[in-house]
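Asks: Sequence:
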Amino acid sequence: MASTLDAIFADYLEADDTFLEEISLEPNRPLLLPPAPPAKKRRLKTEIEYLRATHDELLERLAELAPRAMATSSSIWAQRATEQAHAAHRAMQENGQLKQALEEQLKLIEVLQRAFRKIPRLGAFPLTSEAWRNGKLGVDGRAQDAEALLDMQYSKLESQWIRHDLHNNVNRRNAWVQGKDSSLLLHFINSELWDIDYLELASHYWDYITVKVQADFATPVHMEVLEHWAPNLLYSRYLAQDEAKTFPVYEGRTVTKRYMEDNRVVYVWRSIVEDDGRPFDPNHARDSQSGWAVIQRVGLNQAQFSIYFHLTPPLVPPPELGWPPYPVGSFTEAIIQAFLANSSAFDSSLRKVVAAAAAQRASDMATAELNLQP
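Its first residue numbered 2, the sequence shown is counted upward by one per residue in this note's numbering.
One or more hints might be untrue.
Unchecked claim - The calculated label-pair distances, taken between Cβ atoms and stated as ranges, are: (1) 89 to 346: 18 to 28 Å; (2) 359 to 79: 46 to 56 Å; (3) 233 to 356: 22 to 32 Å; (4) 356 to 178: 49 to 59 Å; (5) 81 to 311: 21 to 31 Å; (6) 372 to 246: 50 to 60 Å; (7) 323 to 301: 58 to 68 Å; (8) 172 to 140: 39 to 49 Å; (9) 165 to 85: 35 to 45 Å.
What the hints assert, rightly or not - Think about it this way: if two alpha-carbon atoms lie no more than 30 Å apart in a straight line, the pair counts; the simulated DSBU-like pairs of lysine-lysine are: (10) 213 to 353; (11) 213 to 157; (12) 157 to 100; (13) 246 to 137; (14) 137 to 157; (15) 100 to 137; (16) 137 to 46.
If you're looking for bench data, these hints aren't it; they were derived computationally from the structure.
We treat Cβ as the ideally placed atom computed from N, Cα and C, and that holds for glycine.
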């Protein structure tokens, strides 16, 4: 049976040998795949409409968000600008305050330096006695004693200017009374800015001190120079009395010295209460005061004119000369009122002199220009 199957299989192979060879010898043929299903056509119109709708929607959202974004942005920048403006303003204020403080410190240092340089050297004067310290002049050495007295007072100028805040060249006017009864002390301060060259103003003021010009005082005052020892040193006297002659004649004797410094002129005065060379009238009340005046250059044709002085109640005549007793403080009150009124009158008079000098100078310049014309 097996041989029969083998014979049949062998016959089958022999019969198909030719067919197998044909298959093996044929060139490779392309593999034929079943056709793909047709692709679906894109609907471009639909996509374009979709994109347009999306674009329009985005534009609408952008239009809604833009104002809010701009408002937020502008508010932020506005806030930052405001903060920067406030910061700049604060910085300017702080810089101004620092500059002012620095200037005040520099002025104070300058004042202190001048004070240290002005330690009085009294040994340079051949003094006849020590009475000058109490405002007394003898028969001999009068000029030396007066100068020593004023130089000692001059050395106190800077400390007084610092104490009364006059070194900052700030306009101010003040008067006050310190103490009680017989120990009363009247303080007077006046500091003003003048539109004039400081040397010219100093010259006008010196004319009043040397009695070349007299002020129209509210209470009439007779002034005269008793002794003119040097160009910048003199001894003067003034006499005044109330119109009703209720009180005795008020006599003031002062020694005055002028100090020429860089950019300022200083005047120092002190009352003389006893004078052996020129005795007082025993029926006169005597003035007792001391003071300083500074005319400081501030700028071009500007000067700060500062005055500080203090005075004590007058030394009244003794009762045995027949003067009635006065109510406590009445004479002192009258003197204070007269001083304040005369101070205002002096200021007004000095301003008139300055204005007249300026007008005369302008007139002279106009005349000179006319003379130069052909």
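Asks: Taking the hints in turn, state whether each one holds.
Replies: The hints, checked one at a time:
Between residue 89 and residue 346 the beta carbons are some 50 Å apart, a value that contradicts the proposed interval 18 to 28 Å. The beta-carbon spacing between residue 359 and residue 79, approximately 53 Å, falls within the hinted interval of 46 to 56 Å. With their beta carbons about 27 Å apart, residue 233 and residue 356 fall inside the hinted range of 22 to 32 Å. The supplied range of 49 to 59 Å is broken by residue 356 and residue 178, whose beta-carbon atoms lie about 33 Å from each other.
Restraint check, residue 81 to residue 311: a C-beta distance of roughly 58 Å breaks the suggested window 21 to 31 Å. Checking the proposed 50 to 60 Å range against residue 372 and residue 246 shows it holds: the Cβ atoms sit about 55 Å from each other. As the Cβ distance of residue 323 to residue 301 is approximately 59 Å, the hint placing it in 58 to 68 Å holds. Distance hint check for residue 172 and residue 140: the Cβ-Cβ separation is about 45 Å, which falls inside the suggested range of 39 to 49 Å.
Checking the proposed 35 to 45 Å range against residue 165 and residue 85 shows it holds: the Cβ atoms sit about 43 Å from each other. Distance restraint check for residue 213 and residue 353: the Cα-Cα separation of roughly 15 Å lies within the 30 Å cut-off, and the hinted pair is therefore satisfied. Taking the CA atoms of residue 213 and residue 157, the gap is about 29 Å. The hint holds against a cut of 30 Å. In summary, the hint linking residue 157 to residue 100 is supported, as the alpha carbons are separated by about 28 Å, within the 30 Å threshold.
Annotation: proposed proximity of residue 246 to residue 137 holds, straight-line Cα distance about 28 Å (limit 30 Å). With a C-alpha separation of about 20 Å, the suggested pairing of residue 137 with residue 157 holds against the 30 Å cut-off. For a cut-off of 30 Å, the pair hint linking residue 100 to residue 137 is broken: about 47 Å separates their Cα positions. Proximity of residue 137 to residue 46 is assessed by CA-CA distance (about 124 Å); at most 30 Å being required, the pair is judged violated.
The structure fails hints 1, 4, 5, 15, 16 (numbered hints given earlier, in ascending order).
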